[in-house]
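Residue-level listing of the chains:
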Amino acid sequence: DQQVKQNSPSLSVQEGRISILNCDYTNSMFDYFLWYKKYPAEGPTFLISISSIKDKNEDGRFTVFLNKSAKHLSLHIVPSQPGDSAVYFCAASKGFQKLVFGTGTRLLVSP
Amino acid sequence: DSGVTQTPKHLITATGQRVTLRCSPRSGDLSVYWYQQSLDQGLQFLIQYYNGEERAKGNILERFSAQQFPDLHSELNLSSLELGDSALYFCASSASGTATDTQYFGPGTRLTVL
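Each protein sequence line maps, in turn, to chains A and B.
Residue 55 in the numbering used here sits at position 55 of the first sequence, and the numbers go up by one each step.
Residue 2 in the numbering used here sits at position 2 of the second sequence, and the numbers go up by one each step.
Quick list of in silico lysine-lysine cross-link-like pairs, DSBU-like style, CA-CA up to 35 Å:
1. A/K98 - B/K57
2. A/K5 - B/K9
3. B/K57 - A/K54
Here's a subset of chain A near chain B, in silico, CB distances under 7 Å, partners left out:
4. Y32
5. E42
6. P44
Everything labelled a hint here was simulated from the structure, so no lab data went into it.
Since this is a predicted model, take the numbers as computed values, not measurements.
Just so you know, even glycine gets a beta-carbon here, dropped at the ideal spot from N, CA and C.
Build the full structure now, drawing on both the sequences and the hints.
And the structure:
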């Protein structure tokens, strides 16, 4: 049972444009959501998070939006840079930190 | 560099064998987590330890076991290995293991079972 879904395995964007990565979840008990970025041969790196009491969180070029009624979150990267090319995982948790990860979206930002 | 170290980086073994993966958390972190990433899959949570005690358990097979030692390093033991156990195994650590604590991931151990 895949509780966190990233339906787009890949996304290609031009440098300077906006990248939008999407994530859907099925468990309404999730109360904390995160995005991780992963480069090849490295472990995932924390990017940004959002609590279920908020609907938006911003950190520089990265903004995460949470729509609880739709059980949907998205990560916006503006402007996109070639160095953003990586696999992005969304994750969710409830209570203690048992993170449930999506399968990832590979972002390619071309110059 | 996250500060989390994992050894070995690569491991190739045969079915039926037993292996041990090792993780050293970031300095000061008390909680350690283990994840498995199979081909084209997300990271699957296996188990969490906090200061030597098991705190949460995920989809960890009975053939797998883990522990966290007094110096806070952790080991994941995989036995009676099967082809399907081939995967990337990540360790992560966090300061207190609470819900909003950031988890810092190591580079992973790639296990290949032949």
